[in-house]
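Starting from the structure of chain A, add chain B where the hints point.
Below are the chains, spelled out letter by letter.
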Amino acid sequence: MAASFDLNDDSVVVVIGTGAGGGVLSNELAQKGVKVVALEAGGRYLPDDYINDEWDSFGQLAWTDPRTTSGDWRVAKDFSGLPAWIVKAVGGTTIHWAGASLRFQPHEFKTKTTYGDVQGANLLDWPIDLAEMEPWYEKAETKLGVTRTGGRPGLPGSNNFKVFEAGAKALGYKEVHTGRMAINSEDYDDRISCQQTGFCFQGCKWGAKWSAAYTDVPRGEATGNLEVRDRCHVLKIEHDASGKVTGVVYADKDGNQQMQKARLVCVAGNSIESPRLLLNSASNMFPDGLANSSGQVGRNYMRHTTGSVYAVFDKPVRMWRGTTMAGIIQDEARFDPSRGFVGGYEFETLSLGLPFMAAFLDPGAWGREFTTALDSYENMAGMWIVGEDMPQETNRITLNHDVKDSHGLPVPDVHFDDHPNDIAMRNHAYSQGQAIYDAVGATRTFPTPPYPSTHNLGTNRMSANARDGVVNKWGQTHDIPNLFVSDGSQFTTGAAENPTLTIVALAIRQADHIAGEMSKGNL
Amino acid sequence: MKATLDRHKMTRRDLLARSAAIGGAFVIGAGFVAGPTAAWALEVEYIKPDTMAALIQMARDIYPHDHVADQFYAAAVKGYDNADQAQMIEAGIAALNAAAAGKGYAGYLATGWERDRVDILRAQEDSPFFQTIRGGLVTGLYNQKAVWPLFGYEGESYSKGGYIDRGFNDIDWI
Numbered sequence: 000m001a002a003s004f005d006l007n008d009d010s011v012v013v014v015i016g017t018g019a020g021g022g023v024l025s026n027e028l029a030q031k032g033v034k035v036v037a038l039e040a041g042g043r044y045l046p047d048d049y050i051n052d053e054w055d056s057f058g059q060l061a062w063t064d065p066r067t068t069s070g071d072w073r074v075a076k077d078f079s080g081l082p083a084w085i086v087k088a089v090g091g092t093t094i095h096w097a098g099a100s101l102r103f104q105p106h107e108f109k110t111k112t113t114y115g116d117v118q119g120a121n122l123l124d125w126p127i128d129l130a131e132m133e134p135w136y137e138k139a140e141t142k143l144g145v146t147r148t149g150g151r152p153g154l155p156g157s158n159n160f161k162v163f164e165a166g167a168k169a170l171g172y173k174e175v176h177t178g179r180m181a182i183n184s185e186d187y188d189d190r191i192s193c194q195q196t197g198f199c200f201q202g203c204k205w206g207a208k209w210s211a212a213y214t215d216v217p218r219g220e221a222t223g224n225l226e227v228r229d230r231c232h233v234l235k236i237e238h239d240a241s242g243k244v245t246g247v248v249y250a251d252k253d254g255n256q257q258m259q260k261a262r263l264v265c266v267a268g269n270s271i272e273s274p275r276l277l278l279n280s281a282s283n284m285f286p287d288g289l290a291n292s293s294g295q296v297g298r299n300y301m302r303h304t305t306g307s308v309y310a311v312f313d314k315p316v317r318m319w320r321g322t323t324m325a326g327i328i329q330d331e332a333r334f335d336p337s338r339g340f341v342g343g344y345e346f347e348t349l350s351l352g353l354p355f356m357a358a359f360l361d362p363g364a365w366g367r368e369f370t371t372a373l374d375s376y377e378n379m380a381g382m383w384i385v386g387e388d389m390p391q392e393t394n395r396i397t398l399n400h401d402v403k404d405s406h407g408l409p410v411p412d413v414h415f416d417d418h419p420n421d422i423a424m425r426n427h428a429y430s431q432g433q434a435i436y437d438a439v440g441a442t443r444t445f446p447t448p449p450y451p452s453t454h455n456l457g458t459n460r461m462s463a464n465a466r467d468g469v470v471n472k473w474g475q476t477h478d479i480p481n482l483f484v485s486d487g488s489q490f491t492t493g494a495a496e497n498p499t500l501t502i503v504a505l506a507i508r509q510a511d512h513i514a515g516e517m518s519k520g521n522l
Numbered sequence: 000m001k002a003t004l005d006r007h008k009m010t011r012r013d014l015l016a017r018s019a020a021i022g023g024a025f026v027i028g029a030g031f032v033a034g035p036t037a038a039w040a041l042e043v044e045y046i047k048p049d050t051m052a053a054l055i056q057m058a059r060d061i062y063p064h065d066h067v068a069d070q071f072y073a074a075a076v077k078g079y080d081n082a083d084q085a086q087m088i089e090a091g092i093a094a095l096n097a098a099a100a101g102k103g104y105a106g107y108l109a110t111g112w113e114r115d116r117v118d119i120l121r122a123q124e125d126s127p128f129f130q131t132i133r134g135g136l137v138t139g140l141y142n143q144k145a146v147w148p149l150f151g152y153e154g155e156s157y158s159k160g161g162y163i164d165r166g167f168n169d170i171d172w173i
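Chains as they are written, first to last, in numbering that gives the first Met the number 0: chain A, 0 to 522; chain B, 0 to 173.
Hints in this document: simulated from the structure, not taken from any laboratory. Careful, some of the hints might be misleading.
Chain B is nowhere near these chain A residues, computed Cβ spacing over 10 Å in every case [stated by the list, open to error]: (1) 51; (2) 129; (3) 131; (4) 155; (5) 156; (6) 235; (7) 238; (8) 374; (9) 517.
BS3-like, lysine-lysine: derived pairs with alpha carbons at most 30 Å apart [to be verified]: (10) A:138 / A:403; (11) A:472 / A:403; (12) B:47 / B:144; (13) A:314 / A:34; (14) B:144 / B:159; (15) A:314 / B:77; (16) A:472 / A:235; (17) B:47 / A:76; (18) A:314 / B:47; (19) B:159 / A:76; (20) A:31 / A:252; (21) A:31 / A:519.
Reference listing, derived: stretches of chain A covered by chain B, where coverage requires no fewer than 3 residues with Cβ under 8 Å from a Cβ of chain B [said to hold, decoys possible]: (22) 192-202; (23) 310-322.
Glycine residues also receive a C-beta, built at the ideal position from the N, C-alpha and C atoms.
Isolated chain A (complex conformation) (with noise of 0.2 Å):
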């Protein structure tokens, strides 16, 4: 039975979003017995209302409140408005994740030391390392299920799969496998295994998929200790004369303001609206925004190095079918700098059906060099690049006080500049996936240019020292003791690995580490 809490009960912690961090944060202290109210700006929406229709699924799910773009990045070109492909509901964007569940390399967590100096680049070393999350990434991957690990098996390989493994062997790629996914290889934690149905991105209808919306979020209700409030909009985080959070100012689903109460507010809203959330409640005492006395609130926004290589073939490959992100090469997110770029990279198979390939391909393009790709769309079969890219300080989100959302705020600038690793870690990948299908007799091959943004992080980093970040090792944010951030924005660097695994693992330990410290009376 889902609790239900009083605006004036201070006793409360207040989370902001249901994703991988918030949703998973909400139920872990819920478990523990911490009273939780956790505000969500969109609604609910579970595998019975998912829909297997691209740009259907799209209205339902996306987070389409207006943004603004800026900087060198293709995305502001061709996306001006939707720097991101991130979802609004109840569960966050653990509806529309693909599944990969990567546990980070040693040393990228201590990217500074390893790396060393890069020109443009804000890098730091985090202040955990893998030794200290692995405990945490056993836990995370017990709760999602994820295959290959735990001694749960593979999933079984697609067409998709079929053609990027047997290009991968020809060119003498080692670590190919179906991934490791929290996609329920065969029935687990009361979800049945997957029937290769697709449309892994609309939301999984039969919740073989893990996602926040339908484990943690009903989960966490059943204890009595969560109440989720569900089309509610944080518009502001309130704090009292001694600098600590009291409370936050939100829009309920009715579009009334109203105001909770809080002993500790976590903000877990992405990348872009948690640091959004944070400039947007400066006061006459934090009046660059709430813990940003380092001045790195916003900065620091990562994206991960992305891009596609789709390939037409001369027989059918019917890439649609089946799971989303049916298979993985790892060979390149070694650290190996011999190749040009610091960091590495992560090629997945990614299938898009026919409109989004159309929309994605080649955004912007027409006449027949586009349509006669589109016209072998059934032969064609294809992969994402997802790795390391740099942090720089000038990528970032500010508010921008020319556009205003429907509660009056100003809406979030997304400024992205690609740093020259970056992009010399694209071309390297664009080559070497090409190479892939060339190799199993593509006739011909797409290096396509990146979507908007599933992978938002590092705009509220952690850092050992208050100087170089907004929250510490445990996501408490260095200014004020009750308040936390929760979601990939504290991510230091972005690793090579797709972010979600990282993301629950941190929110599970940072969830043990509050209720800790509230039962001991320190928080």
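Frame of chain A, contents of chain B only:
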């Protein structure tokens, strides 16, 4: 329609002949645009029929798929036939016709080779008109469920139980 015919000194028969001359794309009548075999027809209320015919040709020239029939392109652009957008469409097509006239053709539709029509479009591709039409086609054309089978795309699969028993790993050529 009448004004258009008068201007070009064309009769309906001439128009039919012209359509046939460029591949039999359209038959234009009073207030409608139709396929040559009457397999489909599109009524127009605010946009002149020959303007709509040119718009449909423009749509095909932007995203040419030789195995996709005209009716799908017509369906993709018929939404512009409204009071708010008719002027924008008329002006845009008039600009294409003017460019065609500059190349010695009677109009955009009468420009016989695709490459010549594409040259006309390429010269105007940064115009708001072109970008509106092209952008609208990305969903207007490719998000038509009836178009998907023409590309082999199977669409929704949940109701059929996914592909676990329906060929998710069925290719044997690799």
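Confirm or reject the coverage of the segment 192-202 of chain A by chain B under the rule of 3 or more residues with a beta carbon closer than 8 Å to the chain's beta carbons. The restraint on the segment 192-202 of chain A holds, since 6 of its residues have a Cβ under 8 Å from chain B and three suffice.
Quickly compare the C-alpha distance for residue 472 of chain A and residue 403 of chain A to 30 Å and report which way the hint goes. Violated, because 34 Å separates the two Cα atoms, which is more than 30 Å.
Has the given pair, residue 31 of chain A with residue 252 of chain A, been kept, meaning a C-alpha gap of at most 30 Å? Answer holds: residue 31 of chain A to residue 252 of chain A is near 29 Å, not above 30 Å.
Outside-interface status for residue 517 of chain A - nearest CB in chain B farther than 10 Å: 43 Å, holds
CA of residue 314 of chain A to CA of residue 77 of chain B, is that 30 Å or under? 35 Å, violated
For the pair we were handed, residue 314 of chain A and residue 34 of chain A, check the Cα-Cα distance against 30 Å. 57 Å, violated
For residue 156 of chain A, is the shortest CB-to-CB distance to chain B above 10 Å, so the non-interface label stands? Incorrect as stated: the minimum Cβ-Cβ distance to chain B is 6 Å, not above 10 Å.
Please settle this one: residue 51 of chain A was flagged as non-interface, so is its CB more than 10 Å from every CB on chain B? Since the minimum Cβ distance to chain B is about 4 Å, residue 51 of chain A lies within 10 Å and the statement is violated.
Are the Cα atoms of residue 472 of chain A and residue 235 of chain A separated by 30 Å or less? Holds, at roughly 25 Å.
Just want to verify: residue 129 of chain A was marked as not at the interface with chain B; is every Cβ pair farther apart than 10 Å? 35 Å, holds
Check whether the Cα positions of residue 31 of chain A and residue 519 of chain A lie no farther apart than 30 Å. 14 Å, holds
Non-interface claim for residue 235 of chain A: all C-beta distances to chain B beyond 10 Å? It holds; residue 235 of chain A is separated from chain B by about 36 Å at its closest Cβ, greater than 10 Å.
In this structure, the earlier hints numbered 1, 4, 5, 8, 10, 11, 13, 15, 17, 18 and 19 are contradicted, and the remaining ones agree with it.
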